[in-house]
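Read off the chains here:
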Amino acid sequence: MKTINKIIILVAIVFQSMTVFSQSGDLQKAFVESYTQEYNKKYTEAIASLVKVYNEKSYEINLRLGWLNYINGNYPQSQSYYQKAINLKSYSIEAKLGMIKPLSALESWDKVLLQYEEILKIDPQNANTNYWAGIIYYNRKKYDAAAKYFEKGVNLYPFDYDSNHMLGWTYLNLGRAQDAKILFKKALLSHPGDASATDGLSKCK
Amino acid sequence: MEIVKKIFVVSAILFHAAVGIAQNVSNMEKAFNGSYNEEYLKNYEKAIAELNKVYSSDSYEMNLRLGWLYYLSKNYETSGSYYQKAISQKPEALEPRLGIVMPLAFLDDGTKLLQQYASIIKLHPQNTIANYWSGVINYNKKDYKSAQKFFEKIVELYPFDYDSNHMLAWSLLNQGKSAEAKTFFQAALMVRPSDASALEGLGKIK
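Line by line, the protein sequences are chains A and B. The numbering of the first sequence is this note's numbering, which starts it at 168 and goes up by one. The numbering of the second sequence is this note's numbering, which starts it at -8 and goes up by one.
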């Protein structure tokens, strides 16, 4: 009788594992379908494939639905899935970088900036984030704040055209022409003849 | 007359400085431009020669670029030495450290390579390239526990990244942590369904 019980328990465990495995198989199948449909630009169908197996606790499904809704032009829905992914994995940079896409499309720049700041709390040296946070402040004419972000980029990547070029313009707008000059010259070493850096350099009297 | 002389002297100094700057910028810019054109044509020796015409050991940019060009021309020792100069000039910069790892990898100097990755991680703890390759080097040394630590860091930041999920799974499997490995193989398969290596790993888990 003991042996029969053991067999029943073992069969139950194996059956459960098989169910889980098959569920995992369904999930994989849904992802495969969604990739194929995305490739064929059938975004609504790609979303539907994942919705069939949707589990709100799955980070991966929420992240992917955030992306698919974004490319489908449904920005509020994209935002809501990315938010779920962020809530599920609060240290995930990829989910925050994803969230920035619908927020940018909606031109919610304060919220974009907030996401950049969240990323920089986790990864203060993140080059792209520092650069784009700098751009937002630059466009708002907050040159002191912009300088802080571009300086970080230049310190870590001193030969980087983008941060040298933008820090050059930021310093020029702060009235720091001599500092700006050095940066424009560095930008020109990376991109010789660059029109904007040459223009900036000519303004450094 | 005294005032006129002073004005003349100041004007001469300014003119001299302006000419100096213009020459300096245009010569440097010209040399860099020439080196880019030669690099594009895969004439690496000529690209190096363009820069050597105006070489100054104090120039971080030249040392960095010569490091890259010597790397492309497969002169790994010299490449490493230029990158090292750039590192010494800007020790807080990541880019020359990310540069030097390329010749070091070809020189098969695993110890120095790991040291550079460690120095990158010290400056930028979340650097995905340095964490990933530190993990791979440790994995190849069969130090799976150390490898796990590096891959875990990336998975935490980029949970949908195939490479780190895949390598973390193998690191765990090699430590006998099958149940944990399974989760990461499955995550890798969501990114790359039917990936042969992830399926193979999953197949080894009973």
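No lab work stands behind these hints: they were computed from the structure. The beta carbon of each residue, even a glycine, is placed where N, CA and C say it ideally should be. Each hint should be verified, as a subset may be incorrect.
DEER-style ranges, computed between Cβ atoms [unchecked claim]:
1) N306/A <-> K37/B: 37 to 43 Å
2) S257/A <-> D186/B: 25 to 31 Å
3) A170/B <-> L273/A: 39 to 45 Å
Item checked: Hint check, failures only -> Going through the list in order, the structure violates no hint and respects every one.
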